[in-house]
Amino acid sequence: SYAADIISTVEFNHSGELLATGDKGGRVVIFQQEQENKSQSHSRGEYNVYSTFQSHEPEFDYLKSLEIEEKINKIRWLPQKNAAQFLLSTNDKTIKLWKISERDKRPEGYNLKEEDGRYRDPTTVTTLRVPVFRPMDLMVEASPRRIFANAHTYHINSISINSDYETYLSADDLRINLWHLEITDRSFNIVDIKPANMEELTEVITAAEFHPNSCNTFVYSSSKGTIRLCDMRASALCDRHSKLFEEPEDPSNRSFFSEIISSISDVKFSHSGRYMMTRDYLSVKIWDLNMENRPVETYQVHEYLRSKLCSLYENDCIFDKFECCWNGSDSIVMTGSYNNFFRMFDRNTKRDITLEASRENNKPRTVLKPRKVCASGKRKKDEISVDSLDFNKKILHTAWHPKENIIAVATTNNLYIFQDKMN
Amino acid sequence: MFMRGLKRKCFDGEEDIEGTLAGIKAIPSYNLQRQSLLDMSLVKLQLCHMLVEPNLCRSVLIANTVRQIQEEMTQDGTWQMINTQSTGQASLDRLVSTDILCRSSREQAEGKHVPGYSTFNKDFESDHAQDSSETMSTASSVQAPRNLQSNMWEMENPQENKGNFQKSLDQIFETLENKSPNSVEDLFPEVDNSYYDLDTMLTGMMNNTKMGHCDGLETFSSPTTTTSNSNCKSDLNELDHIVEILVES
Chain X
1 SYAADIISTV
11 EFNHSGELLA
21 TGDKGGRVVI
31 FQQEQENKSQ
41 SHSRGEYNVY
51 STFQSHEPEF
61 DYLKSLEIEE
71 KINKIRWLPQ
81 KNAAQFLLST
91 NDKTIKLWKI
101 SERDKRPEGY
111 NLKEEDGRYR
121 DPTTVTTLRV
131 PVFRPMDLMV
141 EASPRRIFAN
151 AHTYHINSIS
161 INSDYETYLS
171 ADDLRINLWH
181 LEITDRSFNI
191 VDIKPANMEE
201 LTEVITAAEF
211 HPNSCNTFVY
221 SSSKGTIRLC
231 DMRASALCDR
241 HSKLFEEPED
251 PSNRSFFSEI
261 ISSISDVKFS
271 HSGRYMMTRD
281 YLSVKIWDLN
291 MENRPVETYQ
301 VHEYLRSKLC
311 SLYENDCIFD
321 KFECCWNGSD
331 SIVMTGSYNN
341 FFRMFDRNTK
351 RDITLEASRE
361 NNKPRTVLKP
371 RKVCASGKRK
381 KDEISVDSLD
391 FNKKILHTAW
401 HPKENIIAVA
411 TTNNLYIFQD
421 KMN
Chain G
424 MFMRGLKRKC
434 FDGEEDIEGT
444 LAGIKAIPSY
454 NLQRQSLLDM
464 SLVKLQLCHM
474 LVEPNLCRSV
484 LIANTVRQIQ
494 EEMTQDGTWQ
504 MINTQSTGQA
514 SLDRLVSTDI
524 LCRSSREQAE
534 GKHVPGYSTF
544 NKDFESDHAQ
554 DSSETMSTAS
564 SVQAPRNLQS
574 NMWEMENPQE
584 NKGNFQKSLD
594 QIFETLENKS
604 PNSVEDLFPE
614 VDNSYYDLDT
624 MLTGMMNNTK
634 MGHCDGLETF
644 SSPTTTTSNS
654 NCKSDLNELD
664 HIVEILVES
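Just so you know, the protein sequences line up as chains X and G, in that order.
Residue numbers 1 to 423, in the numbering used here, belong to the letters of the first sequence in order.
Residue numbers 424 to 672, in the numbering used here, belong to the letters of the second sequence in order.
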């Protein structure tokens with residue numbers, strides 16, 4: 001497959017009807033769920049391609065003599081206000097607001113033009129008629145409505161739309177900016193952790209998100225495993241956090257890789273807004289916003305990798321940035337792993353499951369078979385040993401439908417959509 | 424006195440050596456492995472400059488790892504065991520220099536990059552397209568000969584050795600901050616020349632380098648802008664050689 005097909009972000013819209021993916025080639029592909037089939041009332045609609053467009057192109061920064069990748073880092077949907085859909089997509093440097101609208105009618109019967117657009121000779125026009133709208137095949141058009149550029153020196157890793165639906169934040173390695181969706185020529189810098197001397201740089205911003213309900217609150221995570229919650233009412237520049245979430249290090253597990261594996265690759269608020277989830281290299285942690293000194297829940301994603309950290313450092317896998325997501329009711333969290341495995345943790349029952357996203361092992365409409373990795377010792381039948389895991393097959397991006405048990409899982413260049421078996 | 428957890432800190436596939444007696448044997452093995460982790464990290468940091476634009480998070484994490492290793496090396500037996508020459512309290516500032524001096528030539532071949540980095544001009548904050556080769560050459564001409572000289576022979580001016588390692592990491596962040604087409608080549612020649620300088624002085628192993636440290640230092644100190652064309656190819660060859668050594672170790 002083309003390298004450009006590598007999926008780099010996956011996101012359901014607020015209703016779950018649309019699913020957007022971004023890829024390394026700067027393209028956005030939107031899938032739409034079919035309307036439920038009345039005859040097959042037990043089956044939810046499938047997702048089919050709805051729209052494809054080129055969001056970002058590669059650029060060249062002449063000042064630094066560096067290429068700016070067109071890879072889409074994040075997509076975030078705006079809530080739907082009218083017939084059109086809006087989403088924000090971003091690469092390393094530029095955020096764009098896209099309008100996706102449908103056209104299913106077109107005007108016909110012009111007096112001065114033929115149907116194919118050629119102009120008629122006016123002298124041949126003998127009668128006048130009123131053009132009318134006639135149905136046509138559905139066409140979905142994407143057009144860029146705003147381009148938010150030149151505000152980030154470093155690579156943008158996150159965008160997050162505020163609950164006021166008027167503003168949004170964008171975060172790069174060292175700074176976070178606040179934008180108004182209508183205004184492209186300026187943004188407010190609300191967090192700046194760049195040291196006066198770059199020599200002193202030891203920590204970067206890895207992710208940021210607005211609180212789902214509280215429009216003055218946002219969090220950002222760091223490469224040292226901390227999360228800072230900031231209140232924009234406190235001051236214009238939110239360099240002082242309101243809360244600092246950090247778990248003390250376990251001294252018995254200390255190694256040269258401790259910091260790297262503590263680096264947070266994703267942070268997501270629960271839908272309720274009461275909790276937030278962070279993903280570091282080996283685990284997923286759930287934090288209660290009222291408790292800063294430790295997470296309330298910790299789930300091990302692939303603890304068997306702890307003894308392999310040196311090799312994973314050597315092949316750079318230790319720097320892979322896995323994302324995580326909540327289900328609609330905040331009862332289950334999901335994240336990806338290697339070998340095209342992904343994991344789900346049920347917060348209530350404390351059960352977890354490992355599943356695989358691959359065509360070879362799963363026929364459509366069959367139930368996914370749980371997988372198990374054998375860490376050491378005798379490998380049971382159907383178990384996979386750690387040493388035979390394929391570290392090139394990584395699932396970094398997953399998404400959960402906001403209302404139903406439908407999930408989207410992205411392998412390197414394939415998108416899988418799974419739904420739970422309905423009774 | 425041995426550090427707890429020494430035997431199985433972070434290295435994969437190593438046999439779990441039980442007991443403190445075996446711990447005695449574990450020390451050189453641990454040090455070698457730690458050294459190879461250090462080597463690997465430094466290669467990663469250098470390599471990341473060859474990419475379009477380095478991933479800052481990754482670079483920061485690797486640089487922090489390198490610092491951690493350095494800190495540990497200043498605190499543990501590696502440094503204490505070999506520091507027989509110092510008159511008074513062992514000084515952290517002089518670690519880097521004594522470390523290199525007191526290693527066997529084999530160990531030096533494996534890990535001679537440590538004091539190799541020169542200091543650099545800290546004035547990187549300027550937003551205009553400052554020619555980084557300028558700053559590099561300025562820094563190297565002023566600082567490097569003094570540093571290397573004091574490292575190797577006199578062990579005076581320990582303050583200059585202090586943070587040598589730190590500064591090598593900072594150098595990387597400078598180039599991240601202030602990238603220009605010359606920056607990659609500018610970074611490498613300093614590393615390469617210093618490698619050769621050390622080898623020439625300490626082991627005499629290299630037979631295709633400049634004669635004695637003086638020549639090496641002069642080459643080092645000349646502005647890279649004027650000599651960059653001629654040095655470029657040889658520098659790249661030297662880099663291959665260095666990388667080879669690091670990888671083999």
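No lab work stands behind these hints: they were computed from the structure.
Quick caveat, the model's predicted, so the values are computed rather than measured.
Hints may be right or wrong, so weigh each one.
What the hints assert, rightly or not - Interface residues of chain X toward chain G, partial, derived using beta-carbon atoms under 10 Å:
(1) Glu-57
(2) Asp-61
(3) Glu-67
(4) Leu-174
(5) Leu-178
(6) Thr-202
(7) Ser-258
(8) Ile-260
(9) Ser-263
(10) Arg-274
(11) Tyr-313
Quick reminder that beta carbons are idealized off the backbone N, C-alpha and C, glycines included.
May I ask you to test the interface hint for Ser-263 (chain X) with respect to chain G, counting a Cβ-Cβ separation under 10 Å as satisfied?
6 Å, holds
Should the interface hint for Thr-202 (chain X) be scored as holding, given a Cβ-Cβ cut-off of 10 Å against chain G?
Holds. Min distance 6 Å.
Per the CB criterion, is Arg-274 (chain X) less than 10 Å away from chain G?
The hint is violated - Arg-274 (chain X) has no Cβ within 10 Å of chain G, the shortest such distance being about 29 Å.
Is the interface hint for Glu-57 (chain X) satisfied, with its Cβ closer than 10 Å to some Cβ of chain G?
With Cβ-Cβ at 15 Å, over 10 Å, it is violated.
Using 10 Å as the Cβ threshold, decide whether Leu-174 (chain X) counts as touching chain G.
8 Å, holds
How about Leu-178 (chain X): closest beta carbon in chain G under 10 Å, or not?
21 Å, violated
Go through the hint on Glu-67 (chain X) and say holds or violated, using the shortest Cβ distance to chain G against 10 Å.
Check passed: Cβ of Glu-67 (chain X) comes within 5 Å of chain G, closer than 10 Å.
Restraint satisfaction for Tyr-313 (chain X) [CB to CB of chain G, less than 10 Å]
The hint holds - Tyr-313 (chain X) has a Cβ within 10 Å of chain G, the shortest such distance being about 7 Å.
Given Asp-61 (chain X) as an interface hint, is the shortest Cβ-Cβ distance to chain G below 10 Å?
8 Å, holds
Less than 10 Å between beta-carbons is the criterion; does Ile-260 (chain X) satisfy it with respect to chain G?
With a closest approach of 5 Å, the Ile-260 (chain X) hint holds.
Given Ser-258 (chain X) was flagged as interface, is its beta-carbon under 10 Å from a beta-carbon of chain G?
9 Å, holds
The structure fails to meet hints 1, 5, 10 from the earlier list, while all remaining hints are met.
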